[in-house]
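Numbering (our numbering), first residue to last: 308 to 488.
None of these hints come from the bench; they were simulated from the model.
Computed from a predicted structure; not experimentally measured.
One should not assume that every hint holds.
No more than 27 Å apart at the CA atoms, straight line, and that leaves these computed lysine-lysine pairs for BS3-like [unchecked claim]:
#, residue 1, residue 2
1, K380, K354
2, K330, K354
3, K419, K371
4, K437, K397
5, K380, K321
6, K354, K371
7, K397, K374
8, K321, K311
9, K344, K354
10, K410, K321
11, K330, K311
12, K419, K374
13, K311, K371
14, K397, K350
15, K350, K321
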Amino acid sequence: MLYKTRGIVLHQVKYSETSIITKIFTEELGLQSYLVKGARSRKSKLKANLFRALSLLNLVVYHKDNKNIHHLKEASPAYNYTSIPVDINKGAISMFLSEILYKSIREQETNKPMFDFIFSSLVHLDQQSKAYVNFHIFFMVHFSRFQGFFPNDNFNETNASIFDLEEGLFTDRVPLHSNYI
Numbered sequence: 308m309l310y311k312t313r314g315i316v317l318h319q320v321k322y323s324e325t326s327i328i329t330k331i332f333t334e335e336l337g338l339q340s341y342l343v344k345g346a347r348s349r350k351s352k353l354k355a356n357l358f359r360a361l362s363l364l365n366l367v368v369y370h371k372d373n374k375n376i377h378h379l380k381e382a383s384p385a386y387n388y389t390s391i392p393v394d395i396n397k398g399a400i401s402m403f404l405s406e407i408l409y410k411s412i413r414e415q416e417t418n419k420p421m422f423d424f425i426f427s428s429l430v431h432l433d434q435q436s437k438a439y440v441n442f443h444i445f446f447m448v449h450f451s452r453f454q455g456f457f458p459n460d461n462f463n464e465t466n467a468s469i470f471d472l473e474e475g476l477f478t479d480r481v482p483l484h485s486n487y488i
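Please construct the entire structure, taking both the sequences and the accompanying hints into account.
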């Protein structure tokens with residue numbers, strides 16, 4: 308079946324002389340693997356550099372539920388990065404985020420809120436001119452909500468000075484275990 312969707316490239320590996328297999332987190336289909344035939348050849352219309360980590364793409368894909376590797380019909384940039392490729396600090400942050408996402412997204416089901424969060428966060432990082440040094444920390448804290456372990460933000464300066472790592476919340480008493488800050 309043919310689907311039109313947006314996607315975020317998480318990883319790519321070389322396959323044969325001219326092809327690649329890429330993992331793409333899609334808006335409509337979740338995490339999927341795609342074989343891009345001839346992507347590393349000179350004559351290909353789908354070039355391998357289009358599938359760099361964290362590329363934001365518009366895709367037309369062939370998808371069959373009983374297969375693990377699918378095929379791409381068309382791919383084009385959904386957003387062209389302007390500052391991430393040229394700013395070494397943003398490049399380092401994006402490489403870090405790429406690894407985090409590649410290692411932590413395992414679901415093949417659709418998760419539109421998570422997709423929208425990642426997509427808009429990457430666009431936001433690219434558009435930031437200042438104050439992006441701690442962007443990766445901000446991203447990971449908010450990404451943890453989609454992974455199921457978002458900390459409870461109950462901080463109160465008057466009575467909550469200890470963060471209980473096991474419960475994920477602030478408390479005014481020292482817990483009975485040693486996992487607190």
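Here is how each hint holds up against the structure:
Straight-line distance between C-alpha atoms of K380 and K354 comes to about 13 Å, which keeps the hinted pair within the 27 Å bound. Restraint check: the Cα-Cα separation between K330 and K354 comes to about 15 Å, which is no more than 27 Å; the hinted pair holds. Pair hint K419 plus K371 holds up; C-alpha atoms about 20 Å apart against a cutoff of 27 Å. Distance hint between K437 and K397 is fulfilled; the C-alpha atoms sit about 11 Å from each other, no more than 27 Å.
At roughly 19 Å between alpha-carbon atoms, K380 and K321 fall within 27 Å of each other, so this suggested pair holds. Using a Cα cut-off of 27 Å, the hinted pair K354 and K371 holds, with the two alpha carbons roughly 24 Å apart. Proposed proximity of K397 and K374 is contradicted: the alpha carbons are some 36 Å apart, above 27 Å. The hinted pair formed by K321 and K311 meets the criterion: a straight-line CA distance of about 25 Å does not exceed 27 Å.
Between K344 and K354 the alpha-carbon distance is near 10 Å, which keeps this suggested pair within the 27 Å criterion. Among the hinted pairs, K410 with K321 is consistent with the structure: their alpha-carbon atoms are about 19 Å apart, no more than 27 Å. Restraint check: the Cα-Cα separation between K330 and K311 comes to about 17 Å, which is no more than 27 Å; the hinted pair holds. Annotation: proposed proximity of K419 to K374 holds, straight-line Cα distance about 22 Å (limit 27 Å).
A C-alpha spacing of about 14 Å is found between K311 and K371, which places the hinted pair at or below 27 Å, so the restraint holds. At most 27 Å may separate the alpha-carbon atoms for a hinted pair to count; K397 and K350 exceed this at roughly 32 Å. Our distance criterion of 27 Å between C-alpha atoms is met by K350 and K321, whose separation comes to about 17 Å.
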